[in-house]
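Asker: The lines below spell out each chain.
Number of protein chains: 2
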Amino acid sequence: MFRNAKNVGYYMIGKGSLAQLDDILKARRALVDGPAIFFLDHFFDGRDLESRLPVAKGDLVLYVDTTDEPTTHGVDAVTDRVKKHLDGRTPCAMLAFGGGSTLDTCKCAANLLTNPGRSEDYQGWELVRNPAPYKIAVPTLSGTGSETSRTGIVCNEAKNLKLGMNSDFTMFDQVLLDPDLTATVPRDQYFYTGIDTYMHCFESLTGNYRNVVVDALSEKAIDLCKQVFLSDDMMSDDNRERMMIASFLGGMAAGFVGTVHPVSAGLSMVLHMHHGIANCYALSVQEDIYPEQYGEFMAMMERQRISLPKGICDGLTDAQYTALYEGSIVHEKPLSNRLGPDFKKIFTKENVIDRFKRM
Amino acid sequence: MFRNAKNVGYYMIGKGSLAQLDDILKARRALVDGPAIFFLDHFFDGRDLESRLPVAKGDLVLYVDTTDEPTTHGVDAVTDRVKKHLDGRTPCAMLAFGGGSTLDTCKCAANLLTNPGRSEDYQGWELVRNPAPYKIAVPTLSGTGSETSRTGIVCNEAKNLKLGMNSDFTMFDQVLLDPDLTATVPRDQYFYTGIDTYMHCFESLTGNYRNVVVDALSEKAIDLCKQVFLSDDMMSDDNRERMMIASFLGGMAAGFVGTVHPVSAGLSMVLHMHHGIANCYALSVQEDIYPEQYGEFMAMMERQRISLPKGICDGLTDAQYTALYEGSIVHEKPLSNRLGPDFKKIFTKENVIDRFKRM
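Taken in order, these protein sequences are the chains called A and B.
For what it's worth, this note's numbering labels the leading residue of the first sequence as 1381, then goes sequentially.
For what it's worth, this note's numbering labels the leading residue of the second sequence as 1381, then goes sequentially.
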């Protein structure tokens, strides 16, 4: 059985393209009578982004706290707030301005507007039954690929499980890519997030589950990441634009990750570490599994003068080490993608905990 | 103003994926009560393709004569036949099985089902007003990119004009890519058509109108073309799959061609030459304009043992030479894309006719 892959409906790219968002939204308002719901990363609270957006009377603007990654409880709470505002109406559009956390919060909340229950009911594959309202992604941080991917990742604390709502309905209908919006991202965060594209693309290319379209997109995204991170200034105007494309293509290719993402998920669950930097730590202890990419990654870190402080797992309890292991090993499909069906013979509890201790 | 680029809605790729067309079509039949309209390249008339397709009672199967490229008259005639069969009903799907000629015929006829008038009324940009019925592309020949492009090219004999219906409504909703379907293509035709992707992608990359998404997709498509055409067997299973992806990506990137396509259009109008081989002749006399690509193209021809017989424009009348020139020079946007606004100083009548005489 081959997968019928859905594409993002429309995309616009260009420096300054945010100015055209009004036209796109006007077309939606003409079609649907309900308000627009804006999700903004709390980074923009008190800054000038909101004043530049085409917010109309009756719309709702929500600032999403992205201190930690989205949780099932957090998404449920946001959904309740949106439902209360909508009072039974259909939104003309739901718009997300931020990185993966903000975009994923918007994606998941949208699914919950048209599907009964709570967010944890939809963690998995093809569980969403009804189409979500129309959604627009405006990334202000590049790398996760959330703008084009079919997942919205949430952390389920009770289950110690980081898992997405994987569904065509989770996808955005429109993506707007304006590289001006990533000019103010802190350098470290820009690197940690951007490198996520490099990570999930090489994991896909070195795995057992392949397909030629995903391969082609991944190869191109990796090519762009190398141009960006092996250059002198990863945040030049041209490089920020390149990074937006890499993320966009990487998101289309996402889905078949390897052993970096599971270890990263463990860190996010137990240490509440953000996805991008968690990926960096995960790869930093997998020189035996991905020797070539490990070397390339280290060269990129050096070129961009990014460091990963050591000792992040020092002094944890045995229970916490076990939780780190369990939060990683649960991701059987990605682990077997790289290590084969006998992955537990390589990724033993001791082996995995030893890797965390080396971080 | 940045363009809001539309994507093909869904795509499926894989050797043998044609077997899943039934599922895709069933979902459409459940939604819309009308018949399915199948357009098949006449190459398949009397072969076994039709018997493998999910044709139901009441559907219409049309064989498209692709001896020459689609004309406004031809498309109008096909449209009339489809309208008569539909008798006011909406088709659940319009499906095209073939190369660019068959796919474009399907795209243009679909536009004419929901928009009044004749095909020549829509040759140009953004002239189509109403959405077309749902359409599925199943390429059996790779290279034109028609499966993902927003144009449907038709030749207007009365106006000596080869020009497409450029519109988001022209695009397919679903693409199904099964490399098994290109196994029986004659070698020459496989090369001439596949190389179209290489041509329109390098023309885009060497032009003045650029954008980073189109650049990224074009670069990847060219990369795949080189892998295919510089290998020992361009028609191996893997290479036919690669060529399908290259065409798919190239179609997404299409739109900003250079000086190859205008000269090729002249050949198609006056000598009724097919697009792919016409492109080859066009590049074969532009070693001064595209020296690097000319050399690469010659190496590909040699590797694949493809030849272009000389003398195709020998013995034409002056009126025919003038028509060749006029059918080329009318494409001002592509010509200025490569040669700048003063393109007529380089592409004088004498210069252009001399190129045709060298073919």
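Just so you know, not all the hints are guaranteed correct.
Each pair may be met inside one copy or between any two copies, as identical chains are not told apart.
Said to hold, decoys possible - Each computed EDC-like pair below joins lysine to aspartate or glutamate, with the alpha-carbon atoms no more than 20 Å apart:
1) LYS1725 - ASP1668
2) LYS1464 - ASP1413
3) LYS1437 - ASP1618
4) LYS1729 - ASP1403
5) LYS1737 - GLU1667
6) LYS1713 - ASP1456
7) LYS1386 - ASP1553
8) LYS1386 - ASP1403
9) LYS1395 - GLU1730
10) LYS1386 - ASP1402
11) LYS1406 - ASP1548
12) LYS1713 - GLU1506
13) LYS1606 - ASP1595
14) LYS1386 - ASP1548
15) LYS1729 - ASP1603
16) LYS1386 - GLU1506
17) LYS1395 - ASP1595
18) LYS1713 - ASP1413
19) LYS1606 - ASP1467
Calculated directly from the structure, the hints in this document are not laboratory data.
Asker: Determine for every hint whether it applies to the structure shown.
Answerer: Hints versus structure:
1. When the C-alpha separation of LYS1725 and ASP1668 is checked against a cutoff of 20 Å, the pair qualifies only within one copy, where the shortest distance is 15 Å, while the shortest distance between copies is 61 Å.
2. In this assembly of identical chains, the alpha carbons of LYS1464 and ASP1413 lie at most 20 Å apart only when taken from the same copy (17 Å versus 38 Å across copies).
3. In this homomeric assembly, LYS1437 and ASP1618 never come within 20 Å of each other (Cα to Cα): the closest approach is 37 Å inside a single copy and 56 Å across copies.
4. For a Cα distance limit of 20 Å, the shortest separation of LYS1729 from ASP1403 qualifies neither inside one copy, at 54 Å, nor across copies, at 43 Å.
5. With identical chains, the CA atoms of LYS1737 and GLU1667 are at most 20 Å apart within one copy only, with a shortest distance of 15 Å there and 61 Å across copies.
6. For the identical chains of this complex, LYS1713 and ASP1456 are neighbours neither inside a copy (27 Å) nor across copies (52 Å), given an alpha-carbon limit of 20 Å.
7. In the homo-oligomer, the alpha carbons of LYS1386 and ASP1553 lie at most 20 Å apart both inside one protomer (11 Å) and across protomers (10 Å), since each shortest distance falls under that limit.
8. Taking identical chains as interchangeable, the C-alpha atoms of LYS1386 and ASP1403 lie at most 20 Å apart only when they sit on different chains, with a minimum of 16 Å there against 25 Å within one chain.
9. In this assembly of identical chains, the alpha carbons of LYS1395 and GLU1730 never lie at most 20 Å apart, being 49 Å within a copy and 42 Å across copies at closest.
10. In this assembly of identical chains, the alpha carbons of LYS1386 and ASP1402 lie at most 20 Å apart only when taken from different copies (18 Å versus 26 Å within one copy).
11. Proximity of LYS1406 and ASP1548 under a CA criterion of 20 Å is satisfied inter-copy only: 19 Å between copies versus 25 Å inside one chain copy.
12. Taking CA atoms no more than 20 Å apart as the test, LYS1713 paired with GLU1506 passes inside one copy only; the shortest distance there is 16 Å, against 46 Å between copies.
13. Taking the closest pair of Cα atoms, LYS1606 and ASP1595 come within 20 Å of each other both inside a single copy (16 Å) and across two copies (16 Å).
14. With identical chains, the CA atoms of LYS1386 and ASP1548 are at most 20 Å apart both within one copy (6 Å) and between copies (17 Å).
15. Taking identical chains as interchangeable, the C-alpha atoms of LYS1729 and ASP1603 are never at most 20 Å apart, the minima being 35 Å within one chain and 43 Å between chains.
16. Taking the shortest alpha-carbon separations for LYS1386 and GLU1506, only the intra-copy value of 13 Å comes in at or below 20 Å, while the best inter-copy value is 25 Å.
17. Taking the shortest Cα distances, LYS1395 and ASP1595 sit within 20 Å of each other only across copies (16 Å), while inside one copy they are farther apart (28 Å).
18. Within a single copy, LYS1713 and ASP1413 get their C-alpha atoms no closer than 43 Å, and across copies no closer than 40 Å, so neither meets the 20 Å cut-off.
19. Taking identical chains as interchangeable, the C-alpha atoms of LYS1606 and ASP1467 are never at most 20 Å apart, the minima being 48 Å within one chain and 57 Å between chains.
Hints 3, 4, 6, 9, 15, 18 and 19 from the earlier list are contradicted by this structure; the remaining hints agree with it.
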